[in-house]
Amino acid sequence: MKIFWTLLRRELSAFFFSLTGYVIIAAVTFLIGESFAQLIDGLGTDPWPMPVTQMFFGSIYFWMIVLLVSPVITMRLFALEKASGTFETLMTTPVGDFQVVAAKFAAALVFYVVMWLPLLICLFIVGRFTNQASALDSGTVGGMSLGIFLAGGFFLSFGCLASALTRSQMAAAMISLAFGISQFALAWWAKNNPVSEQWQSQLLSCLNIFDQMNDFARGVVDTRAVIFYASVTMLFLFLTLRLVESRRWK
Amino acid sequence: MIEVSNLTKRYAGRTAVSDISFAVARGEIVGLLGPNGAGKSTTMRVLSCFMPATSGTARVAGFDVFHQSAEVRRRIGYMPENNPLYPEMRVREYLKFRARLKGLGWKKSRERVTTVMEQCGLADVGRRVIGQLSKGYRQRVGLADALVHEPELIILDEPTIGLDPHQIRSVRQLIKSLAGNHTVLISTHILPEAEMMCSRMLIMFDGKILASDTPENLQRRMAGNSQIIAEIAAPAEALRECFSQIPEIELFDVSAGEGEFQRCALTPRDGLDLRPMIFALARDRGWVIRELTRHRHSLEDIYVQITRPDEEEENE
Numbered sequence: 001m002k003i004f005w006t007l008l009r010r011e012l013s014a015f016f017f018s019l020t021g022y023v024i025i026a027a028v029t030f031l032i033g034e035s036f037a038q039l040i041d042g043l044g045t046d047p048w049p050m051p052v053t054q055m056f057f058g059s060i061y062f063w064m065i066v067l068l069v070s071p072v073i074t075m076r077l078f079a080l081e082k083a084s085g086t087f088e089t090l091m092t093t094p095v096g097d098f099q100v101v102a103a104k105f106a107a108a109l110v111f112y113v114v115m116w117l118p119l120l121i122c123l124f125i126v127g128r129f130t131n132q133a134s135a136l137d138s139g140t141v142g143g144m145s146l147g148i149f150l151a152g153g154f155f156l157s158f159g160c161l162a163s164a165l166t167r168s169q170m171a172a173a174m175i176s177l178a179f180g181i182s183q184f185a186l187a188w189w190a191k192n193n194p195v196s197e198q199w200q201s202q203l204l205s206c207l208n209i210f211d212q213m214n215d216f217a218r219g220v221v222d223t224r225a226v227i228f229y230a231s232v233t234m235l236f237l238f239l240t241l242r243l244v245e246s247r248r249w250k
Numbered sequence: 001m002i003e004v005s006n007l008t009k010r011y012a013g014r015t016a017v018s019d020i021s022f023a024v025a026r027g028e029i030v031g032l033l034g035p036n037g038a039g040k041s042t043t044m045r046v047l048s049c050f051m052p053a054t055s056g057t058a059r060v061a062g063f064d065v066f067h068q069s070a071e072v073r074r075r076i077g078y079m080p081e082n083n084p085l086y087p088e089m090r091v092r093e094y095l096k097f098r099a100r101l102k103g104l105g106w107k108k109s110r111e112r113v114t115t116v117m118e119q120c121g122l123a124d125v126g127r128r129v130i131g132q133l134s135k136g137y138r139q140r141v142g143l144a145d146a147l148v149h150e151p152e153l154i155i156l157d158e159p160t161i162g163l164d165p166h167q168i169r170s171v172r173q174l175i176k177s178l179a180g181n182h183t184v185l186i187s188t189h190i191l192p193e194a195e196m197m198c199s200r201m202l203i204m205f206d207g208k209i210l211a212s213d214t215p216e217n218l219q220r221r222m223a224g225n226s227q228i229i230a231e232i233a234a235p236a237e238a239l240r241e242c243f244s245q246i247p248e249i250e251l252f253d254v255s256a257g258e259g260e261f262q263r264c265a266l267t268p269r270d271g272l273d274l275r276p277m278i279f280a281l282a283r284d285r286g287w288v289i290r291e292l293t294r295h296r297h298s299l300e301d302i303y304v305q306i307t308r309p310d311e312e313e314e315n316e
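Quick mapping for you: the protein sequence lines, in order, are chains C and E.
Numbering-wise (the numbering used here), the first sequence opens with residue 1 and increments by one.
Numbering-wise (the numbering used here), the second sequence opens with residue 1 and increments by one.
Calculated from the structure, these hints are not laboratory results.
Hints are supplied without guarantee of correctness; some may be wrong.
[To be verified] Capping the alpha-carbon separation at 25 Å, the derived lysine-lysine pairs in BS3-like fashion look like this:
{"no.": "1", "chain 1": "E", "residue 1": "K135", "chain 2": "E", "residue 2": "K176"}
{"no.": "2", "chain 1": "E", "residue 1": "K107", "chain 2": "C", "residue 2": "K2"}
{"no.": "3", "chain 1": "E", "residue 1": "K135", "chain 2": "C", "residue 2": "K82"}
In isolation and in its complexed conformation, chain E is listed as follows (with noise of 0.2 Å):
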């Protein structure tokens, strides 16, 4: 649905984007994820057609943004940061409007406009006038008019941003819901969200894409080099003898825990899980365990660990 190659964008002095590469395929959703000024903004920007690529091309559903600019616009929804309307309109008139200049005709916009406003919880607002909505009920406006024309790709710009919790919560179920029938592209600076949402993720920082995978995988990857913490009662000299006697075990620390127990973190070679071994060996030596785990990175480590600024780990 979406290949982008070799996109870059400049503006001034400055690169927002440079040289990314990636797909999207029909009926996915993807999350385009990274810190504020990762240049998510500005891809969505030149996927939906509103600012040219300084070099690179990026298609849409086979179309050529610069190039077939009508064809690729007529078949994306596209809602963009901070959700903006016109306030002075009411909600059905601006949907109406909105589709209309989306090519729909006099009769179906009136269908598609009834559909969508029941789709997004509009149908009780319908007569008031955007300005005087509450955020939550302005995005879902937003949501709709992405949504009239019934593209085939929909690119939303921070959806959630500026909502509270509950909002949060049926805009998510909403995105959701149009999994299958549309391709969907969302940014967001909030990890969470992409996992909750999104098949698949691209992680994007200082204009480029670091990491491409399902949350699932990008865990995983992750998992490798994670630690197991056990807590075992025994005396730390002959602890750190077995510990050092283990090839699997790369690193290890042992720090006094509660009473007679200690604290261990061991950090294994080459991804292995480390868990049977320790137990095996807490057995062997009738060591009482109080505490095995194999410590998780969540995504919030990963998205840290990929976005980090430079300087702070030179620092490390």
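This is chain C alone, in the form it adopts within the complex (with noise of 0.2 Å):
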């Protein structure tokens, strides 16, 4: 467990010491500012349709932040240290595998979360100024937290795989890139097509991130969407480890 801390506190100093950390907040915030300006001029005073935050869910940002940061924050993860030699280094001292691993993927989420910290503002803003009570509550705001916390593990436990790969950190994001994007395009095929009595069907619409998301930001936690992200994220992390220990039978 020291050994994980240890890890953890490396892994968060590469973030938090480097300029990328930044630039990636930076234009995060950007991002979420632009969308909560468009989303407030374009309600005006009309009564709100539906809570704020799965107004925010429902436009293209949240998916833009997700699906092309997560691949920024992963890429570095291994790719980088098997590229620069410090793979060797590292794994020659007396961690475990499974330790690095963990501390990675709990570096990359705590990053991620921390990313997501200027969301919490633009609520508040909007909670302060508007007399709508249906328009955001504690509810929806634990749900939506819920939705990108376990979003953002799905993702970015990809990204570890995908980073745990390659010994170059353009194809690790270019694989996490194409990861992500083709969850987006089946979840927007799933959406557009109505769920029949075929498997395939069936099993899209058990896949379909957006549908998910909606729960989530109308304050609605479905246990099968969270055993979903937990159990994907799981396997992802276990296809990690099993790749960073490949090189011992290799």
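Two independent chains are provided; combine them into the complex using the hints.
Below, the structure is given as structure tokens:
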């Protein structure tokens, strides 16, 4: 556990002592701000049809941020260490493979959560200046936070896997971006096609990240979605661990 | 300290190390010497538990590098080739991070980091960012990292590569000072370096160990068939006749030197020292000798001879 905390500290310092980390935070803050400016402007003074969090999740901004930023956060994790050779110095100390994977994923997740904090400020401002009680309540904010967290785990764990696959950060980023976009496209397809009896269609509806996120944003925490995200995250982390271990039997 | 037996490592389609065996005793400084691509780094990577061997076993301090990898890793300090570091970290912070990874406690790691920073001459640059340090300093950071947890075995892959002569000297001094307390395995392709630092050398070529001995013994082994060079003022014909009658001389070559001197190159049979014999000969005949030397093979010759690719030998 001591080693895990040491590794986590080092991974976090790599995010926060580098310009990249602040560029990512600045870019995300900008995008969140822009999306809220549009939301509020579009709404005017009419009664809001749905909670403001749901509108945010329904906009393209949320998905842009998640899909574009998670590859950028995770591409460095293993690929850079492999390319620079520090992977060798790291793995020849008495650290466990599991500790390394867990620390890297945890650091990415912590950074991701920090990156989303400006959203709370935006919500606070909306809450402060609106008199529509239905627009924002603690349930929707909680659901939204959980949704963002789970989606982050899902995409970041895949990013870890992609980064462990290759020595090139670019390749890692492209692999996880392709995965993110394919998930997005599948969800889009599922959204535009009604669920039928066929098993393909059933499966697709389970993978529909739009509907899941929509539920979270309304403050509805569906255990199926929670279990889906948590288990897939675990699966990707397990595969990453196997990849890191693979150098021992290759 | 290290026992390697029948170790083989194959990469896809290429055998990097083939069936090597060697042992290193506690407290020795052993040099792994060989040209680039001889399998030195691969051997070190296997010993440091980064990669498994394809076949054969390696044990460090009695622990198997594959099955008891964690125990082995606790006991070694390894500095890979090119000394990779995290460029964005500060020197002290990096060493402390490494000490913690290697299982040192909070207080102990602080003490040890201070000690190794002094030992490696890093006391002045503790707060500098590693990426901005000169190559010599970075190399010392790598060494300090290898030493920080007081490992029983230190494995250094080309520790002096890319340094200027002053820096090489200080790194060598540092490594020499480790003898006794630590066992050190160093790889290098620079011969004088191994000669200076190591108590024993393993010469590797093409994945095999071709020779393993002390630098002195290696030299002695080669000295056996070393040539005698003599410059004698005498008629060439007379010299040839004399030499052909001495049974101890296997081969001789007489060529005209300066003035009346003849330059004679003599190869002895069975590694004899011919010099007293030649002196006696010249004294008996009343010839003047200007030079009489035994051509000592430097380790460089040995190295070149042992590691020479086959095709060159065939051409000769």
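Hints and how they fare:
no. : hint             : in the structure
1   : E/K135 to E/K176 : holds, 20 Å
2   : E/K107 to C/K2   : holds, 14 Å
3   : E/K135 to C/K82  : holds, 21 Å
Against the hints set out earlier in the document, no violation occurs for any number.
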